[in-house]
Each structure stands twice: as C-alpha cells, then as structure tokens.
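Visitor: The lines below spell out each chain.
Protein chains: 2
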Amino acid sequence: MKLPGQEEFEVSSAHENVPEEALESGLDSGPSLDGPSDTDSKELGVFKDPLLFIQLNELLGWPQALEWRETGRWLLFEEKLEVGAGRWSAPHVPTLTLPSLQEFRSLLADGFVLLDCQAQSLLELVEQVIRVESLSPELRGQLQALLLQRPKHQIQTTGARSCWGSIPLRNASHDEDTPLKPQSPLRQKLPPGAEAAVVLAGELGFLAQPLGAFVRLRDPVVLGPLTEVPLPSRFFCLLLGPPTQGRSYHEMGRAAAVLLSDWRFQGSVRQASNLHDLLAALDAFLQKVTVLPPGRWDPTARIPPPKHLPSPHKRHPSQPREVKCLSRRQSVALAEDRHHRGQHAPSLELQRTGRLFGGLVQDVRRKVSWYPSDFSDALHPQCFSAVLYIYLATVTNAITFGGLLGDATEGAQGVLESFLGTAVAGAAFCLMAGQPLTILSSTGPVLVFERLLFSFSRDYSLDYLPFRLWVGVWVAIFCLMLVATEASLLVRYFTRFTEEGFCALISLIFIYDALGKMLNLTRSYPIQRPGSPAYGCFCQYPDPGGNESQWTRTKPKDREDILSVHLGLVNASLLPPAECAQQGGHPRGPSCHTVPDIAFFSLLLFLTSFLCAMALKHVKNSRLFPSVVRKVFSDFSSVLAILLGCGLDAFLGLATPKLLVPTEFKPTLAGRSWLVSPFGANPWWLSVAAALPALLLSILIFMDQQITAVILNRAEYKLQKGAGFHLDLFCVAVLMLLTSALGLPWYVSATVISLAHMDSLRRESRACVPGEVPHFLGIREQRLTGLVVFILTGISIFLAPVLKFIPMPVLYGIFLYMGVTALSSIQFMKRVQLLLMPAKHQPDLLLLRHVRLSRVHLFTAIQLACLGLLWIIKSTPAAIIFPLMLLGLVGVRKAMEWVFSPQELLWLDELMPEEERNIHEKGLEPEHLFSGSDSEDSELMYQPKAPEINISVN
Amino acid sequence: MKLPGQEEFEVSSAHENVPEEALESGLDSGPSLDGPSDTDSKELGVFKDPLLFIQLNELLGWPQALEWRETGRWLLFEEKLEVGAGRWSAPHVPTLTLPSLQEFRSLLADGFVLLDCQAQSLLELVEQVIRVESLSPELRGQLQALLLQRPKHQIQTTGARSCWGSIPLRNASHDEDTPLKPQSPLRQKLPPGAEAAVVLAGELGFLAQPLGAFVRLRDPVVLGPLTEVPLPSRFFCLLLGPPTQGRSYHEMGRAAAVLLSDWRFQGSVRQASNLHDLLAALDAFLQKVTVLPPGRWDPTARIPPPKHLPSPHKRHPSQPREVKCLSRRQSVALAEDRHHRGQHAPSLELQRTGRLFGGLVQDVRRKVSWYPSDFSDALHPQCFSAVLYIYLATVTNAITFGGLLGDATEGAQGVLESFLGTAVAGAAFCLMAGQPLTILSSTGPVLVFERLLFSFSRDYSLDYLPFRLWVGVWVAIFCLMLVATEASLLVRYFTRFTEEGFCALISLIFIYDALGKMLNLTRSYPIQRPGSPAYGCFCQYPDPGGNESQWTRTKPKDREDILSVHLGLVNASLLPPAECAQQGGHPRGPSCHTVPDIAFFSLLLFLTSFLCAMALKHVKNSRLFPSVVRKVFSDFSSVLAILLGCGLDAFLGLATPKLLVPTEFKPTLAGRSWLVSPFGANPWWLSVAAALPALLLSILIFMDQQITAVILNRAEYKLQKGAGFHLDLFCVAVLMLLTSALGLPWYVSATVISLAHMDSLRRESRACVPGEVPHFLGIREQRLTGLVVFILTGISIFLAPVLKFIPMPVLYGIFLYMGVTALSSIQFMKRVQLLLMPAKHQPDLLLLRHVRLSRVHLFTAIQLACLGLLWIIKSTPAAIIFPLMLLGLVGVRKAMEWVFSPQELLWLDELMPEEERNIHEKGLEPEHLFSGSDSEDSELMYQPKAPEINISVN
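Chains as they are written, first to last, in the UniProt record's numbering: chain S, 1 to 954; chain R, 1 to 954.
A portion of the hints provided could be inaccurate.
Since the list gives no way to pick one copy over another, a pair counts as held whenever it fits inside one copy or between any two copies.
[Unchecked claim] Once the Cα atoms are required to be at most 27 Å apart in a straight line, the calculated BS3-like pairs of lysine-lysine come out as:
id, residue 1, residue 2
1, 718, 874
2, 617, 840
3, 620, 840
4, 804, 658
5, 840, 307
6, 152, 840
7, 80, 830
8, 631, 840
9, 631, 718
10, 830, 631
11, 80, 840
12, 80, 658
13, 830, 620
Bear in mind the hints are in silico, worked out from the structure with no lab data behind them.
These figures come from a predicted structure and were not determined experimentally.
Generate the whole structure from the sequences, applying the supplied hints.
Guide: What follows is the structure in structure tokens.
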C-alpha cells in the first residue's frame, strides 16, 4: 500500500480501543506522531512511518562569502528563520507558489535521483552526488568543499518552548551529541525514531546550469553537522543553480521541504523505485492542494496552525461530491455518524436484559473486571493535583450547601452534617459505584425539595427528622424498584434538550440564591441613610453609682417617630454595645443592633470574590506568564478568590457575618442522637403517608442522578470502563437509607463538580511539535482520587478554627460565579445570544448552516418557555410537583417531533430512540437533493465536541 | 495595458490627493469599488473596470426534476448558499482545487468561446450558444428550453445586511425591477455601474460529452431572471456535461466564478481577442495563486475575509526575492518607505525659513487659504454627534480639572474658572489656530506645575494670583521668542520614545490622582471598625428643661481612651447631628462627624463607574446587538458610566461627597475682581523674578503643546490641510496672557481629548460589499465642531443645579478609566507586556521579526527607567525642574544612538533627523545579506498603523 502516514496522524485523536498501557508507557507522546491506533491502521491499510524533521539549508553570500545557513524547518508546520531578530518564527501553515512547485518538478525530472543510496557518512554521500556528468572535475572539487562546509544553525537556547522535556530519550543509538555544541531544545521534543531530511538550496554563480539531486538513503545516516538536531537523515535534496531571473532556489527549497513534510508524499517517496514514482507522488500532491486566488489573499500572510487537522476522508474535495451520489439512507447515516460522535453513551450499557435486576447484575459484572485497575490506574502525579483541586471544591460545596441547608431546615441539619454526610456518602459511592468519577453532593433541586418538605412539616407541626426518615426509606424502595425494572434505560430519552433545561435551572437557582442571600444581608445590616437613626445607641448601667431615683428618671417627649427613645437622667455612656454588655450595662437605642459599613463591605467582598474568580478563570487564555502559572491561577480561581476575600476581610477586621461552623462533633440540632428515631412525635400512619412525597422525590432523584450520569458518560470523554447507570442508582438508593437514618443530607451526583473532577484527570498527548495542539486521549478512570477527596473532607470536620474566618459574602460570590460559569457553558445560552445577534454577526455555527434561523429561534424560545415554567412552578406553592415537571421536559421534547423535522432535531438536539429507529427503518425524506453541500462543511466542526456543560469548579 | 482592476481596489485607501468634494458627492462609497484615485491609476497605468457581480446557477435534480438554483455568488469574496438553513454563508475567501481549475481550462480550450457577442436578450444569447456543432437539433431544443428555465434565487429579505441603503441608485437605465419580486438587499449594496456575470454549471444526463461555452457580450445585457440582481450581464459561462466520475461541474463552476472575480483576470478577459488570450489569462492567474499543502490545511475550512487585501506589489512572490538584489541604499529606502507611513508630519511644514517669524507667516498663509472651507466642511450630520461627544468629554474634563485645581490652589481657582477658561481659550484657539482639531484643556503636567507654584508662593507668603500673572506674562514672552526663532522645528526630534514617555507619565498621573483622591475619601469618612467609637454621638441642648445643675453635671471616669466622653446628667437626645443643630442643640461625641457607610459606598461608586466604563467601551467588539447600538454604548461609555453612578447614588440617597459647583457667576476666590491686579501684595521685583519659573513652565508648555501637535498631525490621519506648529504655539502664548490676566487656568493641547475629537470626525468609505472592511479616508478638518463645543461649555456655567448631583467618587472612577485607557493604548505598554510573556506566546509583531528580543527588552527597560526617574522627580521637592527632565527624554533618545543600531531604532522607534541624513548620505551596513527575507513579511503589517495613542475619552 502506498497510503501511509497522513491518515495516521489525523485520526490519532480517536484512541478508544488502544490499551491504556500502550499509551502510558513512554509512547504517550507518540500516537499523534509515530503511529495510528491499531484499528485505524488496519482500516486504512497504512504502516508506521517515522516522523520526519526537515531542514532547509540555504547558500547565502554569493559571491563574496559563501555560507550555508539554516533558514527554515518543518515538522508538522513551518518555522522560518527571522534573521534580524535571530529567532524562529511562530509555527505556521506553509504556503507555496505554484511556479515553485513546478520548477522543483522540472529540476527533479532533469536532475540526479538516487534511491536507496548506501552512503554511510556525509562525505560518501557528497561524493556520490557530485558524480553528475554535467560537472567538470574542478567544479566537482569546489562543490564538494562547499557541501562539506559546516552550516550555521539557529539554535534557541532558551527553554521556553520545551515541552517534551521530561520524556527520556529512548532512541540513543544514533545519537552523536557533541557536548560542546548547545543542544537544540527541539531535540527534546522529537519522538524516538524520528528521522531527518535535508534540503540544500541556493544560487551558485560558477554553475552553468541548475543542479538538482534527490537522494534516498537506504539506511538513515547522521550527516555530521548538516542538521540542527543530530538525527539520522533519510532524505537529501540539493537544489543549486546560477542566479537567474524568475527562478528562486529559496522557494524551490521550501517547496521540496513542504512536499517532504506531507505524510502521503513522504510515504510514496519511501516506496518509490524510480524517478517516475517520484514525479507521480508530486503530481498526486498537486491534485490535493488547496488554491487561494491572488488578490483575495495575501500570499505572505502566515496562517496559524489549525486546531484540528483535516481527517483523511476529507482529503478528496476534487472528487465529485460523493455525498450527492449517496442514497438517502447513506447520507442520513453519514449525518448520524457525525452527530453521534458528540452523543451520549454507547449502547452496550443500555441494552435491556429483560430480567429483574438484570441491568444491575450486568453493571456489577462489567465493573468487577476493572476493579483492580481502578486503583492501579491512579498511580500518576496528576492524581495528586486532582485530589487537591476537587477536595477544595468539595469542601466549598459542603460549607455552602451546609449553610443553605441549615437555613432551610432551621438547624435540623447544618454544616457538620453536611461535612459528615458528604464524606460518608461520597467515599462509599466511590468504592461501590458504576461510575466512580462521579462526585456526590447536595444539589440544588434536592435542596429545594428539602426546603419544601421542611416547611410542610413545620406547617403541620410534624417532627421533621423522623418524617424525613420515612420519606428516605420510601425513596430507597422506589429507587430499588427502578433498578429492578431497568428503568435507567430511559436515559436514552434524555436528549440535550432535557439536559440543558435541567442544567440551566440548576445554574439559575445558584445565581438566584447567591443574589438573594446577599440582599438578605443588607436587610440584616441596614444602610444608614441620612435621617435614619444612625446615632441612636447608648449604654445604660443598671446599678448607678449615685442617686438611684435620678438614674431611672426619664424625660418624656412628644415625638413618636424613631427618635422617641431619649436620654433622660440615666447612668449611661457611649460604650459600643459589646463592651457595654461586658461592663454589665444594657445597650439602649434604636440602632444598637445595626453595625455600620457592613452592608457595603459585604457587597464589596461579594463582588470582589465573584469578579476575581471570573478574571482568574480567564487568565488561562492570557498570553502573559508561562502556561504553568496560568494553569494554576485558572484551576484554582475560586480558591484564590476565597483567600483574597478572607484576606481583605481580615485586613479591615470588620464584623462581617462569618461562616458558622460547629466546634463539637455532635448533631447541629440540640438534643438529638445521631440515629434518628423512627417515629418521634409523629403518628404511625405518617410513615405510610410519606410515600407520597417520596414518590415525587424519587422522580427528582432519578432525573438528577441520571441526567448527570448521561452527561458524564458522554462519548466525547472516551471513557473505557463504561458507565453503570443501574449500579449508580442502586448505590444512591442505599445511601438514601443511610443518610436518612442518620439525619444527614441526601446526596446525588453533582454535575458541575463531577465534570471538574473529570477535567482534572484528562490525559492528553504531550506531543508538542511546534504548532501541534495536544490531543485529548481520555480520562484517568479510577476510584482513588474520589476516595481520598472524601476522606479528606471527613477529616475537615476538625477544621472549624480555620473555617470560621470565611465571610459569608465571599461564599455567596463564589456561588454566583459557579452559577454564571455553568449557565454560560451550555449551548442553549449560545442560542439565546443568537436571538440578540444580527444575522451578519452570527458565528459560522454548523447548526446555522443547516437549520433555518427562524426554526433555531423557535427551538430556543420553546426551551426558554419551559425554563420559565419550571422556574414559576419552583417558586409557587405548587413547587412540590416540580420533579414531575422535570419529567415533563422529556414529554415536551417528544412533542417537538410534531413541530420540527428529524433533520432539524438532529442538528438542534439529538434524536430519541424511536426517531433513530424510524430513520433506519423507513429512511428519511431527503432535506433537499442538494444536501450534498454538507460535504463542504469544515472538518473542524466534526471534531468531537467539547463537552456541552464543562465547568470547572474551583 | 492589461493590468487593470486589482490594483485599483487595493490601493484605494490612500486618497490623500482626491478633492474632498469628489469623495463627498455620492461617490463616497465608490473608491474601493469603482476606481482608484487619480494618482494611483496613473502610476499603475490601469483604467476603471466596473465591479463584477458573479452568480453561479447550478443545475440540480437530474434526472427527476431539473431546476436551476443559485448556489454561490461572488463580489470580493465568496458567499455559498446553505440550503438547509436557507441563507447565505458568511463571506469568505474562496478556496479552489487545482484539478477544478485544470478541468475548467480544458473545457474552455475545447469549448465554444464567443467574444463581443451582440445578443440583446437572454433568448438571443441562448440561441447563439446552442449552435455548437456537437449537438443534435433535438438536443438543442431541449437545451434551449432548459437554459430559459427560470432559476431559483436565494434572496434574503431581512435588511440585516444592508449598509449602502442610503445611497441612491444612479444607474437606473438598465434596471428592470419587477415590483412583484422581492428586491434583493444586495442590490442596494452594489455601486452604480456594476455589471454581472453568470456561470451556469451542472450535470445533464442526455449530453454525450461535456459542453463548455464562454461568452463576452459586447454590451452588457440584463439577462431576464438569470441573475439574482437585475444587473446588465457582461459575461456568460456554461459548463454542462454528463455525470462522470471524477469531474465536478460544481467545482468547475466555482473555479470559473472565482477567476472572474479576480480583477486581473477579469481585465484580461475584457481585452482578450481570442481563446488564446483567455487561456493566457488563466495561466497568469495560476502563476499567482497561493498553494496550501493538503494535510496541513483543511481544504473546506472557510477563511474569513482578511482585514487588508494584499497590495499589487506584493503579488509577485514567485519572482526571485527582489529585495535581495537591491542595493543597500534601495533596501534601506524601502524599509524607510514602509516605516514612514506611520511616521509624523510631512516635511513641508517643518522646513526652516530662516527669517524671524518666518514659520508663523508661512503657517498663517497656508491656513488662510483653507479658512472658508474650515466652516463649509463642517456641514455634515457626523459633526453633530461629534459635538455632543466632545462637549460631554470637555465638560467632564473641566469639572474634574476644576476640582483638582481648586484643591491644589486652595480655591484661588475653581470649577467656575475652569469652565470659563475652557470656553474662552478653547473657542479662541478653534478660531485662530493652525490645527483647529486640537482641543485645549488643563493638562496633568501643567496642573502639577501650578500646584508647585502655589505651594511655593504660600511658603513665601506671596500673593498668588499677581505672582502667577507675571509668570504667565513671561511664559508668553518666551513662547513668542520660540515662535520667532522657529523653535517648533525641533518637533522632528520628538520621536515615539519621547511621545510615549510623556503619554505614559500623563496617564500615570491620572491613575495616581484618581486612586489617591479615593483613598483620601476613606480618610474623611473613616470606616467604623469594631471598638472604634461608632456610637459616640449625642445631641446636647444648651437650655435644659429641668434642673440646670443636673444637666451640666458630668460623671468623671478614669478611662482615658476614645471613650472618655461620657454622658452625665445632661439634657440630651439621640438626634442626628444635622437635626440636632436645627433644633438648637450641639452634637457632642467623638463620632458626630463620621458618616457611616460613605467610605465603602464611595468605593463601590468608584469601582462601578470605572468597570462600567471599561465594559461599555468593549461592547463595540461584542457580537450582540446591531452595530449602531454597540457604537452608541461604546462612544458614550463614560457618559453612561457617570449617569449610572449618579443614578445609584440618588437611589440610595447617601450623603456622598458631591461636586462643588459655584451657583453665582463670580470668581471662586472671595473678594477678587475678574482682572488680576498686576502686583497685589507682592514686591515689584517679583515681576522680574517670575521669569525663572516662567522659563521652566515655558519648556513644559512647549513640550506638552508640541508633543500633542506631533501626535495629532501624524501621517496616518491623512490630514489634508496640514499642521501649524508655529501658529498653534503663538495662539497658546497669546491665550497665556489672557488667562493669566483673568486668573483662569492655563491651557495647552490635550492629547487624549483631541484624539477623541479626531476619532469622532473620521471619514470612512461606506462601501460594504459582503466581507469588505470600510476604509479610512481622512478626518473632517474644520473649525466649527470645536467652536460649538466650547460655546456650549461656556453656557454650561449655568448648569450648576444639575452638576451638583454628581458624586466625586464617580468622577474619580472616570479619571481612572481615562488613565488606564490611555496607558494601555501605547506601544510601550505592549513591549512591557512582552517582558512577562514567554517567547512562545508572543504575538507575531513585525518588530519581533527584525530585532532581537534582548534588544527589545533593553529598549523597554530604558524607557521604564526614564519613566521611573520622571515620576520620582515629579514627586520630590525637585519637581520644579520636571519640565527640564521632559526635555531630557529627547537627550536620552539621542544617546541611545550609541547603544542601538539605526536599524533597531527604525523598528523600535523612529529615526531622528541626523540619523535619516546619515542613512541617505553614507548608506548603511546591511543588517545581513539575507535581509531579503523582509519580502516575506505579511503585507498586513505595512498597512498604515493605527495611531499609537488613540484613546477616546467618553
């Protein structure tokens, strides 16, 4: 086969089936450079070609002072020497002129081609090359001397660009490192097995006619100082000639180098047996080039490397538009194929067994085989930083939800319960669950429900915790029933529409709560306007030192307003209330309980922590500072924002409201034991009646748990160990029992924080040849990081002396940040923005290429309406049926099939199982005969999508 | 000549010599589309070709339901039909494949070419085209029917993209608007005289072999419904054939359309006399295309239109690198030519006459000829919005500097003087000056000097205003001497180094003052910490209602701290201080004068107005909202921020410090008349001694005035009426006399606000063919806008009732914003950022391509050191010699010639007159023989630079 190389590189990001070990063991950096995955290579029939480093040495200084100088180099992209600045240009997509390619072709056709040359050194090579008939013997001598002259290399000694630095060099066999010469940092970046190619080009006055030579060495040889990096060279190309108008050896040399940097051309040249093969490869290259017309494009503009390189099947634009010729079935399948890459779980875990608990058994069976590796896979330094990161996020979450829950339940639960529950439930889940990357947490919807439940039981004077216990018991029973009946298979109906509606709601709850809490603060610490009793507080002593009758005599006044408290003849001083109480006095007056400045300072803290977290988050995209520094700032943005807020607060020392943390290890509610009594003061039948709210809560927990699970198990994360929808739900049910019995909060999977967990465990190819973007390889799937996080959370119960310094406004600010970040990351919000965007300015979304704008807007409007409805229901007394409405989202989506065509839904959302089946069975009416224009969509857009809801907490 | 078209378009942004009238009269939109300026066309020997609208109609639906459909269109860039979405794609740079061009060429070579066809209608044209030998008569009939079939056009009826909407259509002669058909909005955008070209392409099963036809009509004819817009068509191209594997008529059609959209090809085809000419033009096109290698570039990616199109001389990359062959002299000249585009004043105004007041006389003479047009040129609606914009900026400036000046001089001057002086001096300057676009204002450096002068006279108990009068008289005398000796010619030594040092200093003063003022506020309104006497204020009544001895008896206490004021037996209440005083009581206690909440609220106002102004400024780059809305938000960002701050303040109604505005028209200093008495309480010899500080002030005023003038008169603004350095200085001198005599502030040109003025008067080509970027044409140079602004400022003296609602923290916020904006806009700051930026992430600045990074850093470090020194001097008692140090900047720059090579200075700064002379006389050592690589710098970088210091105030 003659099609090696190119395909390998381009499909390398799809590594689902490569064993983890192969990727980890030093070849980590390789996939994008020195080989495709097995499946790909089989499929395309290619074999592994080594990466080629190509260097252009140019002959300068004719006629005075001839010297060779390295003026360009290529790996994936081109780097030019910037002589004045003495540095390499940024890597960019090489652009050529057609004449330079044609001139190179004709020089090659007339020149000297030597395939499988057996030279063992530069000298031998040069001797063979100069044996061209056209040269006179003395010219040969001059030429030989010239070719053996040491070229001048541009070596950047700053380590600024090194990124393979930590990878040990494996391929030392050919290395001839001269220790005196500064080691090129580029050398560190090249993967083992890389070869070099040298192109020598220039104008040489004493030549009568152009001299072209192309040599393929049988065995790659280190050609002395010819290349910047001491790699063994495989190809050698010489392009010299007299200075002629209209002929640029520099451009010809670049053309040769760019050709060699093309994997397909390179592969053909490796196989070529004669000149004819060589020229055929060049012509094949020409058939595939992209042509930009003059006048509309500056030929000297440097195009930055694209984020994604084209995949091989996109390399045939000159073919008649294939898609056009496809049957309806095929074109739909193609569109599906494209779309499915970004879609959720593979169907293996979602097949009905038809047996009771069949899905659960399958999940357990599948997971057991991975169990040992779930611990061994965690042995990587990255896991340490993931633990720190997620620990801080979990603690922040536990603190804040603990505070909110304490508010909502009037202390029936509190921060201590929150910590304890998070630790116990989280650790247990990490040990047992189907998807151990999930982080359990209190979530917004469950909090809302618990608040409703509490106010219900308060209104009817019920004993809350026992009532709650029974609700929990029933929920566990219902959930087990759902597990038994394999109800988790319904997740296939959770399309992006449902996910987004749910996520938007959670985010809005975060935002609303943060702002609401902040406004409440200004009510507790009122702002002192002119005219309000800013000064009305004094300290009255009960035991006067003088005549007691005098002290108690007060002077009546006729004013009835807020100024009606007056000083009469009392033994009093202007001591602040706290000191007054200390000295045995009583603070008297209308404003003794108002603390000035707190309201605005709290607002400042709130805004500071919010804006600081937002700003730090974006530091990642800045150009300043090394990337490590930026990554730290960005990853720990909310931790840093909290620290800043605390520092500011401590610096000014104002009496801002602080986090209330228990100092003793006992339930927050006074007088209860850890085990909740099964009935308490409630009548016995309440334990049965609790089934009704439990039904609603079960729906909520099922939706909350499974939507998150669907998002986490999306195909774009390339998870290898599979999901465990049934097992996860089973674990949640068991933990419901436990937490209810202990009076701890209820836990389900938390979308935002789990995604942050996965994000911190990303494996990426470390290959960073200049211009190359690292590829996402997968997630370190293991149970250890989560486990350690929750153990640490448990230990943090004893952190009270530290945590009590955290001002509440700072935490509210972080919650606002989490809500805003989560909200802005979903595609739904992008479509909402489209509503406000003039058509001219809209981004070139694939969606907009295929669906009419009015239909897009209609879809967005329906989503907005659903969200509005959910919000209204959540805020009214009908809130208790809120879980049902979440389920209603699926119904709305189903109903949309009457309004939108399957094609539209394919682009706007995903297809539901029936729709997919319909498409496969009946075929679809083609959108239009011209739908073949899809083939012109940029490949960029088909790359695995970034997760729709990808927010890092902290 | 056969080189028309392309060049016209590309050089159209250089319109310096085109009479203003021609540009204004409806042709305003034309330059970039229907013709070059006279000079350009002469220079390049081109003539005017009309703009060509090219449409691709594709035959779809074979074999079932044949229909023609418009699937692509070209003006400057390509727009593709997105069938699914039913809309046009965003305009983008067209990309072709080489085979499609080659196939088109062979089809053309074998096809039917008809030049100067005399058909008068579509029917006649079709009849001529189908007379090809290869067709049988019945095929001809079928084909004729097919070609006459009405094509389906994609017409966007939303007006979202219209931007030529207001231009009346001139070329109505050929129009055949069918009123029933929706009018294409594109029609509105096309300039008069535009022609159309139609490409018909598709697969037609009944044809045995491909059919290619190319027709050039002698007279353009409206071909019925063939084109989307009813333009007369000049070219007609038919590409039909049987469905064949490996041959795409769609791609061929696109190739034909892209070729026709190339001005050079189009020009050649207009002149072609036979097929051979046509093929030659195609081959010439091929020689100039840019080739992107496959595998490194996705051929289907859409490239957005570049900001600048390549200029014609860059269209020869395939030639041997010309620059390399140039002599040293030439290459330096080339570099200079490039650099000079962004350099300051043309030399005409800066030639020494050698006569006393020679420069002034020349300035006046030159300006007199423009004087009538200085008023007539203002008759444009744009001037109204400019007036509003600059008026608000001027008033804000007057208010803030008035406040600062009032502080600095302890009321010797104040807001009233500031308004009056601004109005009088500004209006007079606009009427008389050489550069009437300049806006006079108090400036930071002069303010610093005045503050020093005041503290000096206070320290020595001098009568300030009379002393100041003499300083002013002497300054006027010195300035007049400078005018007489043509000292303004020294501005040639003010390189960017000096400008940037000066601008950075001004900006830093703004920032420092804003922050300092804000901190001072928190001192006036202390924050009440726990333990501080927050509650220590009561109201004591002098006339008690009861036993007087009791009321006055106080209870002694042994504590000596801040709590030592105690209540004893007094007749007191807790009334707030203001009400207490009203009721005849005395507020007593340590904290009666502290107002709570004010400090933090002020800080909030400060941050809100700063951040709001910053955010609104960036709304311009957002994609949301129509551009008009964004422009309003962006242009009026600081006005809106002020309004928001005032609204917030009014809403809460707190006693924040407000702007103090005089309510009566009289000098702020009590008891002085408007005319300052010449001696006052000072000894007579002080009027002579004042010459010493006056000397320093003269230097300062000269520097401040002339640096601003140099910046305003930069070549990149394309000013037509020239500068007037001598005349401007003369005006400033005369106004010094006037303002000193009246005790008003001193005025010089204000950089920031004058640039904003110019910015608001930009003339841009309105042409916006899809994808085209509007071109900067020049500035509306006139005297009226400035004059009206200052008249309005004068009237605003009576605005006191409104202005007194503006809180000071809001104004400080706006000042911080002005400082930060001004500071961040200078190249110096970009270089400072480079210091913190890893080499890998540095942007691809031209500077960095030519100068070693270490040298760039050295230059930046020297600039930083100078700035630090200036700041230190400004802050120490030596501040009085601060003007001398400014002059020292020029010296430092001169000394740098010893450290940096002229080439480096050329890239880092500009050359000083001697250096330029040296280069021209001696020639320069070539940087390196390889300096030819300059020819590969992107053309983008040689476009006239955006002004270095371009900050819009308000």
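Visitor: Each hint needs a verdict: does it hold in this structure or not?
Guide: Okay, the hints, checked on the actual structure:
1. When the C-alpha separation of residue 718 and residue 874 is checked against a cutoff of 27 Å, the pair qualifies neither within a copy, at 36 Å, nor between copies, at 62 Å.
2. For the homomeric pair residue 617 and residue 840, the shortest alpha-carbon distance between copies (21 Å) is at most 27 Å, but the shortest distance inside one copy (30 Å) is not.
3. When the C-alpha separation of residue 620 and residue 840 is checked against a cutoff of 27 Å, the pair qualifies only between copies, where the shortest distance is 15 Å, while the shortest distance within a copy is 30 Å.
4. When the C-alpha separation of residue 804 and residue 658 is checked against a cutoff of 27 Å, the pair qualifies only within one copy, where the shortest distance is 6 Å, while the shortest distance between copies is 39 Å.
5. In this assembly of identical chains, residue 840 and residue 307 lie within 27 Å of each other by CA distance both inside one copy and across copies; the values are 25 Å within and 16 Å between.
6. Taking the closest pair of Cα atoms, residue 152 and residue 840 come within 27 Å of each other only across two copies (23 Å); inside a single copy the shortest separation is 51 Å, beyond that limit.
7. Within a single copy, residue 80 and residue 830 get their C-alpha atoms only as close as 39 Å, which misses the 27 Å cut-off; across copies the closest is 24 Å, which meets it.
8. In this assembly of identical chains, the alpha carbons of residue 631 and residue 840 lie at most 27 Å apart only when taken from different copies (16 Å versus 35 Å within one copy).
9. In this assembly of identical chains, residue 631 and residue 718 lie within 27 Å of each other by CA distance solely inside one copy; the values are 23 Å within and 45 Å between copies.
10. In this homomeric assembly, residue 830 and residue 631 come within 27 Å of each other (Cα to Cα) both inside a single copy, at 26 Å, and across copies, at 22 Å.
11. In this assembly of identical chains, the alpha carbons of residue 80 and residue 840 lie at most 27 Å apart only when taken from different copies (14 Å versus 37 Å within one copy).
12. In this assembly of identical chains, residue 80 and residue 658 lie within 27 Å of each other by CA distance neither inside one copy nor across copies; the values are 58 Å within and 60 Å between.
13. Taking the closest pair of Cα atoms, residue 830 and residue 620 come within 27 Å of each other both inside a single copy (21 Å) and across two copies (19 Å).
Going down the numbered hints, you'll see the structure goes against 1, 12, while the others check out.
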